[in-house]
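Engineer: Read off the chains here:
Number of protein chains: 2
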Amino acid sequence: MKQMTGTCRPRAAKLTDVTQGSSQGQSVTVRGMVHALHHMGGITFLTLRGPKSVLQCVLDREIDLQEITEECAVEVTGVPRKEPRAPGGTELAVTALTVLSRPAAPLPVPISKRQLKLNLDTELSLRPVVLRSLRERAVFRIQEGLCRSFRETLHGLDFTEIHTPKIVHAGAEGGSNIFRLDYFGRKAFLAQSPQFYKQMMVGVYERVFETAPVFRAEKHSTTRHLNEYTSMDFEMGFIDSFEDVMAVETLFLQHAMELLASECASEAEALAIDLPDVSRIPCLRFDEAKELAAEKYHRPIRDPYDLEPEEEVNIGRYAKEELGSDFVFITHYPSKKRPFYAMDDPADPKFTLSFDLLFRGMEVTTGGQRIHDYQTQVDKMLSRGMDPGAFESYLMIHKAGMPPHGGLGIGLERLTARLCGLENVRYACLFPRDLSRLEP
Amino acid sequence: MKQMTGTCRPRAAKLTDVTQGSSQGQSVTVRGMVHALHHMGGITFLTLRGPKSVLQCVLDREIDLQEITEECAVEVTGVPRKEPRAPGGTELAVTALTVLSRPAAPLPVPISKRQLKLNLDTELSLRPVVLRSLRERAVFRIQEGLCRSFRETLHGLDFTEIHTPKIVHAGAEGGSNIFRLDYFGRKAFLAQSPQFYKQMMVGVYERVFETAPVFRAEKHSTTRHLNEYTSMDFEMGFIDSFEDVMAVETLFLQHAMELLASECASEAEALAIDLPDVSRIPCLRFDEAKELAAEKYHRPIRDPYDLEPEEEVNIGRYAKEELGSDFVFITHYPSKKRPFYAMDDPADPKFTLSFDLLFRGMEVTTGGQRIHDYQTQVDKMLSRGMDPGAFESYLMIHKAGMPPHGGLGIGLERLTARLCGLENVRYACLFPRDLSRLEP
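Chains A and B are the protein sequences, given in the same order. Counted from 1, the first sequence has number 178 at position 178 by my numbering; the numbering is strictly sequential. Counted from 1, the second sequence has number 69 at position 69 by my numbering; the numbering is strictly sequential.
Just so you know, the hints here were simulated from the structure itself, not pulled from any lab data. Any given hint could turn out to be false.
[To be verified] Listed next, the in silico BS3-like pairs over lysine-lysine satisfying Cα-Cα at most 27 Å (straight line): (1) A:LYS296 x B:LYS2; (2) A:LYS187 x B:LYS219; (3) A:LYS219 x B:LYS187; (4) B:LYS380 x B:LYS320; (5) A:LYS117 x A:LYS82; (6) A:LYS2 x B:LYS296.
Predicted, not measured: the structure shown is a model, and the values here were computed from it.
Just chain A, with the same shape it has in the complex (with noise of 0.2 Å):
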């Protein structure tokens, strides 16, 4: 009878083990997509496309070319040789080729060139194609890093990982950009947030975070909102003031920017990314940073509780060229136009204990001291006029007793956006959703 024993037969070699020269000299054997095909003067080149970066092969004449197009799949057993041209510095001399794979059909776009150049429409309707340009897929290795950053941060940090519902009975964020869903007759609704149920795992766990779906049926169309986005969010019990949340989302971004210097150079590289210098993160009072933005960029001040996307700009701007700093938290939001657990600031409650980060002059995340008494909950909801009854298992936890608490949402799409500099947030998405896109 067969078993499995968790072995893996190593047919083919890693093509990064080649590239990276550790089998230099001897025969080895590599599978990978053929990316690119030249002819120059009786010799082929051959691009041949790994997992994360890409080998040169050389072909013999002896090779038989008729068969080979862009986007096959091949097997090739060559000797690697260092050439200083190649990519990687190395170069395989293939003795011998396999197709494993054709496609059907020429590609709808000439995806080994380095710029693709393609409208967005275009772009993100071909997107299962695009993405295999290696300047597309350098994208989402970064995102993969940031994202493999935030849980090795919270993780080292005493964290839990949590899994909870997107399909949800009420709104944490409110408001009218609510997907609706009809639940075997019942009304139900996707998540904007998981605001609700981190707070009630902060009551199990102390700390927890989770990396999942949010939906968010925004009717206008930015360069700043997707209708779904990935939200890597955290809340921790135990805290002296907000300032703790926004100490732990700092030390993220420091492991954050030493993971992907280390270990997605050569994708940093492909997209001329910066890392930008996170040693110290200035903070400004929201009142403080309008105020400063406006002085500083001559443009008047017209919505006294809020950040207008302009004034986002303006200060991200100013913290660039006055502070030194690509990030800059902006504290004690107004309470008007923060949600109802925020905590009103004892010092004025006009004001809240919260904070968003702006990064490049986009808000990037949003947190703050959540209230954690249930009286001052309750009234705090009556005086918006809701209804507590309609929030009695989420009520449940500040009734049990719940320690002093914050926390954070963290969009990592824009935060890709921002660092790969893609000036729409669809480039930071792999198949983004939008007022017209529903597909791939």
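Since chain A is already given, all that's left is putting chain B on it; use the hints.
Structural biologist: Frame of chain A, contents of chain B only:
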């Protein structure tokens, strides 16, 4: 101006440092929730609940106990000392206690009891509080370990994590168990699986994984089904056989059991978990397994094309009794019962190159090799009366060329439930969704 530098103020010691005895004899300050209070002959024992452990605190007569109740958040200062009868072998002789917050009402259930013995419905309704019970929360630390070891295993094997949309234009699994949604006036669905997207991403990164919610509108209530669950999915290119996929799953299970044994020993003990031996996992063909179980347990085969739940139980029993394994791979499922993207066995196209993994008699994984050739895929769709035109963006990858590939999906809650010996999968989901339950 204030700046964040990533320094977290360590006002309080970690509870685990105290329980593990690293601060014996020195005064420490710790924070936590009052899990239990017991008065015995003039001495008060306070059980302090931390994220991963509890600490027995002994309170002096001088400390005012009037204000202290269960589920107060407190800060206590004291000197740790050895006490064999205390959990972890250490207790804290408290010299000072500060209440940081207090509950508004007594708990609806006595969560400090070892066993709560609630009926399922009561337990789920009170989940936000019930999860504070040490036994209840142990389940989700095990779950965290499973999910983390899944990611660690795959990251170590050069898989890239992806995030794919949950609002989709077509279902991957077909059938009627799909949630419908109004998407700005268009018909949309909630993803039953990331199948199409992870296949698309095999063309990009060769090996990908995702741990994310999936949605199934199952219209029946069983102990095995959830309407929303966490699916741990991976997909890998350049396989020689679907057994390569099974080998990676075996590696994952081996890593998971090692991780749980070393990092979740106290949770495993609390739940009396017997970690299974996964050094070898037997494989049986679908037909063969059906017959072996039918014969041994005298239960005639009724449906030749699928495994009934009772048959899975019997095959699991057979695997345990005859093959000495809690797990068993069942391979070569009938083509009829597998989705349109499953690759048929060239040796006998009535069957597929696919598998399920049964764990103690319940399916916890479905996987297999997928069709990579464009024409083969189109033909199979047509033979099932499907319209290939409706799957244009999916078929784009087959047209553009795909390596031979396969993958699987693991139900995290089912795996957790089986491992923890929970008779209903709802117990292995923090806030389960079923026909009647949408809250909390």
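Engineer: Among the hints numbered above, which are violated by the structure, and what are their numbers in rising order?
Structural biologist: Those not satisfied are hints 4, 5.
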